[in-house]
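Q: Residue-level listing of the chains:
2 protein chains.
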Amino acid sequence: MAEKLTHIRIVGAGLIGTSIGLALKGAGVKVSIRDSEARAEALARDLLDDLDDENLSLEQLCIVATPPEVIAHVVAEELSRNPGLRVMDVSSIKTKPLLDISKTSLDAAFFAPTHPMAGREVSGPESARGDLFIGRPWVLTSEGVDPSLLAHVKEVIAICGGALMIRSAADHDRAVAQVSHLPQILSSLLAGSLNRAHEEDLELAGSGLRDTTRLADSNPELWGQILSGNAEALRPLLISLQNDLSAFIAGLDENAVAQEVIASGRRGRARIPGKHGGQSREYFLVAVVIDDKPGQLAAIIESCAQIQVNIEDLQIEHTPGQETGLITLSFAPQDGQKVMSHLQEQGWKVHPSR
Amino acid sequence: MAEKLTHIRIVGAGLIGTSIGLALKGAGVKVSIRDSEARAEALARDLLDDLDDENLSLEQLCIVATPPEVIAHVVAEELSRNPGLRVMDVSSIKTKPLLDISKTSLDAAFFAPTHPMAGREVSGPESARGDLFIGRPWVLTSEGVDPSLLAHVKEVIAICGGALMIRSAADHDRAVAQVSHLPQILSSLLAGSLNRAHEEDLELAGSGLRDTTRLADSNPELWGQILSGNAEALRPLLISLQNDLSAFIAGLDENAVAQEVIASGRRGRARIPGKHGGQSREYFLVAVVIDDKPGQLAAIIESCAQIQVNIEDLQIEHTPGQETGLITLSFAPQDGQKVMSHLQEQGWKVHPSR
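Residue numbers (my numbering), protein chains in the order written: chain A, 1 to 354; chain B, 1 to 354.
Next comes chain A alone, as it looks inside the complex (with noise of 0.2 Å):
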C-alpha cells in the first residue's frame, strides 16, 4: 500500500492546476504550488495558504498541470530539484506529451498521464474552484505506471470527486477529438465568422449564440498546442464535417436537406450519456426585475442579509439605455421560499425562474 497523501507539489497555477489545489487543500492535504507567471503563483499561493516551507523529502507526488508542449521540460527541471521525482500530468492530450516524456530521464514508470474532463472557456487562479472534478471523467492512461505512484494519482482523482475511466492514449486522444476538440474548433470558427459580421447585426445576438461560441473564450496559446498536438486523431473528423458541410450547402434551398440535417442533429445529441457531466447543483433561481442604477445591487443583498440566507450565485442582465435589468439570485433550494416571500414583502418584484 501507497502512504496516504499528505505533501503535494503542483508545477502550473492556471485553472486546473489550482482547482486540484483546493481540492486537496479541503481535503487535508498540504499543497505547494508554483508558476512561471509570478501574478498567477502568488494568487494560487493565497488561495491554497502555501506557507513555503517545502519539504523535498516530503513531497510524494507532482502534478504538472502546464500547457502540454511544456510538460517535458517543467518534468526536466523538477528532476534536477528533485531526482526521486513522481510525476501525474493533467493535459488535455496524451499521445504528444508521453513521446516528449520519453525523451528526458524520467523512468516511464514514475509518469502517470491523466485528463480531467473539465476544462472551462475561463482560466487562470482566479476560475479555479475545488469542485470543478466533480462527476467530471478523469481519464488515466495506467499501463505501465509504478503502482505505489498509479494508488496516489487514484487518491488524488478520488478526492477531487473525479469520475475514474481508464484508457489507452489512443482511444483517450480520439474520444477528445470528438467530444472536446471539434466543439472547440466548430465553436471558434462560428466565432471567428463574427468578424465578418455588420456591427447592428451582431445587436440581435442571443443565448443560442453565446451558449455555441462560449468555448471560443479559450485560450489560443493553450489550444493552439492541443489542436495541433492532437491533428492525427482530429483530421478524419474534420474531413467528414467538411463534407457534411458541403452536402448541406448543396441542397440549401430545400427543406428536406435542412431539415434532416437538424433531425441527424438531434439523433446525435442524444447519444451524449447523461451520467459524468458534472453533478450539477440545484440552486432555487429568483429573478428580480430592477432599477439598473447604482445602488440596486448593495440593496437587493442587504434583503437577503436580512434573513440571513446565502447567495450561491448571481447573474446580472442589464440593458444599458433601458431602465430595468434583471437579477437572478441562486440560492439554496430550501431557502428558497422564504427569500421570495421575503422580497416580495419588501417590494422587490420578484419571479421563481426555472
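None of these hints come from the bench; they were simulated from the model. Treat the hints with care, as some may be off.
It does not matter which identical chain is meant; a pair holds if it fits inside one copy or across any two.
Think about it this way: if two alpha-carbon atoms lie no more than 20 Å apart in a straight line, the pair counts; the simulated EDC-like pairs of lysine to aspartate or glutamate are [what the hints assert, rightly or not]:
id	residue 1	residue 2
1	Lys349	Glu126
2	Lys4	Asp244
3	Lys154	Glu54
4	Lys349	Asp131
5	Lys338	Asp100
6	Lys349	Asp291
7	Lys4	Asp291
8	Lys154	Glu203
9	Lys25	Glu143
10	Lys25	Asp100
11	Lys349	Glu37
12	Lys25	Glu77
13	Lys154	Glu59
14	Lys25	Asp291
15	Lys349	Asp52
Following the hints, position chain B against chain A.
A: Just chain B, lined up with the frame of chain A:
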C-alpha cells in the same frame, strides 16, 4: 392615437405564442389563443384563462405565431373569419413571409413583420414563460405599416419587455443568418457527427460539448422551414465558413494556424454586445478571496459603495463545504485602480484579474 390594447387573438400556441400570451395576460390584456394542434391549444388556453367568449369586434390585433411557411395560409383563414384583420407575425425570417402575404388579399399596411429574438431549444406551450422576452431584441419591420397597427405592435413589444429594434426585412434576414441560423447549423452538424462516434468515446463528453450542441435539440420541421427560407442570406456565410474550415484542415499540424483560429474566434466573440443593444464593454476585473460564509458578499459590496463605484457585474466561485471562496467584481476601467487600493486598505485579499 390607437386605443390601448384590451383584446388580442394569438394563432399558434407554441413557445413564442404562448409566452407572448402570458406576458399580455399579466398586463391585463384579454387573450384568446388557437392552434391547429388540439393538445397545445388546450394547454395554452388553460394557461391564459382563455374562456372562449370570442368577440370579433373587440379583437384589435391577431398575432400569428406559427412556423413561417404557414403564415400566409393562416392569414387567409383569419381574413375570411374577420375581414377587418390586423396582423403581426413573430417568425424567424422576414423576407419570405412578406412575399407570401403579398399574394393574399390582406392590405400590406395591416401586416406588421416582427421577430422577438428569444427562441429556445425547447418548444411548446409547456415551456412558455411570460418573462421570455425581457431585455431581448425584438425586431420590427415598420416600413409601410399602418400607424395605429404600429402603435399596437409597439405596445405588445413594450408589455413583453422586448428591446425594440427597427430593421428592414433584408437587414433582419442577413443578421439572423449570422447570429441565429449559422449557430444552429454548426450546432446541428457537430451533434450530427456524434452519430459516427464510438459509444465509449462519448462517455468523456463534458459541458463544452453539451453547451455547443444545445441548439441541436431544436425542432427539425420548424428549422427546415427557417433555414431553407433564408437560403439566400445564409449561402455566403456558409461558403466563407467552408473556406475557413478548409484552411484550418490544411494547416492542422501547425501550432500557429490553430492558434490563429482560436485567437480569431476570441476577437469575434468580443464583438458580441455585452448586453443587448449596447456595445461590448471592457471591464476592470477584481478578484477577492473571501471566507465563504453569509455576510461576506454584503460586506464587499458595502466596501465598494463607500467609494461610490458601480459594480457592473459580479461572479461568485465557491466550493460547498470549503472555507474559501472567490468573488470577481467588474468595474468601469477608470474605477479599477481606485477600487483595488480601497479594498486592499480595508484588508481584503484582492488580485487584479485579467
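Q: For a quick check of understanding: which of the numbered hints are violated here, in increasing order?
A: Those not satisfied are hints 2, 3, 5, 7, 9, 10 and 12.
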